[in-house]
Amino acid sequence: MAAGEMDDPQPLPEPSTASSASSADVYPEEHKRPGDCFFSCGGGDTLGLRQWLGAALTVLFGIGFAVGETKTDLPEAQYRTLAVTSVVATLWICEVLPIPITGMLVGPLLYLSGVCSFEDALSPYMSNLTLVLFGSSMIALAMERHGLDFRFADAVASCRWVGKSPTRLRGAIMVAGCLLSMWITNTGATYILTPIVMRSMGATRGRPLHSQRAQQTLTGSLLSVAYACNCGGMGTMVGTPSNLVVTRYLAEEGVHIGFVSWLTFGVPAALLVTTVCYGSLFLCYRPQTAANVEVLHSSHPVAWTRGEKAVLGSFLLTLGLWIIPSIYSLAGGPGHQELESKLKAGISVILGTVPLYLIPDTGNCRVMPWSTAQKADWGIIMLIGGGVVLGKRMLSTGLADTIAAYLIAVTGITSVWLLALVGILCTIFLTEVTSNTATTSLMVPMIMAISKAINPDPRLAAAPAVGVALAASCAFMLPIATPPNYIIVETGHVDMGSMAKVGVLTNVLAAFALWIVLRLFLPLVV
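Every letter in the sequence shown is one number past the one before it in the working numbering, and letter 121, counting from 1, is 576.
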């Protein structure tokens, strides 16, 4: 993630291999470093039919809502919020503009429509939520810069237990991907693990293996990387922006889910869905029983660098600051409410990252120089801010309640848990073609309103909203659904048909797995 020669990290040596595969053979030059080339919240650089169609629909929506304002029975605030929501949803789904730019437009559009004040329109763009995202991305960048994430992944994939078994290699890779993406981006985790899988089977980019059976084993193993990295984000509150979006909405409804509380159901959800992915891949792409797989260990132990130690210390400090308020509250310590109110997650992560900018690395360079920090995904802050302000206006104007009443009348759903299952299924398939954060931002306010109409108890009504947030990470069908899916397709060993075949089955099984986790674990913390 370095910007220049002075800032280059000192990564672990790559494990040797019998194959001559190089990183250039694994994936193309323009897709080597996640921070340099991949914008995790979406938005391409080209304008195609989808974008032009979206632009036309946006104009038509704008004209239609302007003409129909005098003929509607909706209150003015609800009608104008619906107009902005329709325009923004079209821009997001069709990616007419880069998705973060659309997110940045939401606040100004609501303000110009007269729906909210200037302060209400823009304050969500700098909040506890965005501080958590910013600080977490700093730690993830530091891990990538100093090779701490690769050290972990290499240790898991090269352990003696894996040996030469492709089945065990796939399982180890999925465990590593799931655990890594709980703390760093799913894109970064995929970039780390993809070369390990490719080299382990002597594969190079775009060149089929010697037999169809070996090729199927490689295809399944690469899919396992993407799937596990997608699933891991469900495990922690900071694993994906969708988790933070739903906790923000629930907090406004009086349901507070802290860092430790999220682990109670998030980790089981991530592990169970990862297991489901492993099972569906085993059925569709069973590993070769005697594959020519060789995962070699590093030739010699590599000493920990000062940078790695500093990054690990910063990570543990942040983790401690996140966990301490919850543990102190459970213990009933004096003043625990004041501690929880002051030591918010955003404050904790900013404090935890300060040492990265103070501790010198080799060559008297900072462990985290500003040139590296600039590579953070700043666009996600605009996207999250836009999603939050749009959701708040849908709730405050009563638009979400109006939509909820209509949908209940049409569908006849009267059970919160049935609503949760329907919401999970809808979100899983919707997020195949839209950003998971944008999907969550649009879905959570509406499904929360429907849930409260069915059952006014906000704690029970929280289940469908949490289900939507978790389901937004389950995109297993299409390469465009999520960066990890696209990365493995770019290796030339996974095609769209292969991904879609196993993806449909995995989507359905994952939906029921999430529903089971919600029923068993969510009542323990809300």
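For the record, the hints were derived by calculation from the structure and aren't laboratory data. One thing to keep in mind: the hints can contain errors.
[Said to hold, decoys possible] Straight-line alpha carbon distances no greater than 30 angstroms define the calculated DSSO-like cross-link-like pairs of lysine-lysine that follow: (1) Lys-764 <-> Lys-799; (2) Lys-764 <-> Lys-847; (3) Lys-847 <-> Lys-797; (4) Lys-799 <-> Lys-847; (5) Lys-526 <-> Lys-799; (6) Lys-797 <-> Lys-764; (7) Lys-830 <-> Lys-799.
From a predicted model like this one, the values you see are computed outputs, not experimental measurements.
Given the hint that Lys-526 pairs with Lys-799, test it: the Cα-Cα distance must not exceed 30 angstroms. violated (46 angstroms)
Is it true that the CA of Lys-764 sits at most 30 angstroms from the CA of Lys-847? violated (41 angstroms)
Taking 30 angstroms as the top limit, are the C-alpha atoms of Lys-799 and Lys-847 close enough? holds (21 angstroms)
Check the hint pairing Lys-797 with Lys-764 against an upper bound of 30 angstroms on the C-alpha distance. OK: Lys-797 and Lys-764 at ~29 angstroms, within 30 angstroms.
Does the structure keep Lys-764 and Lys-799 at a Cα separation of 30 angstroms or less? holds (25 angstroms)
Take a quick look at whether Lys-830 and Lys-799 sit within 30 angstroms of each other, Cα to Cα. The hint holds at about 25 angstroms.
30 angstroms limit on alpha-carbon distance, applied to hinted pair Lys-847 and Lys-797: Holds: Lys-847 and Lys-797 sit about 23 angstroms apart, inside 30 angstroms.
Hint compliance for this structure: hints 2 and 5 are not met, and every other hint is.
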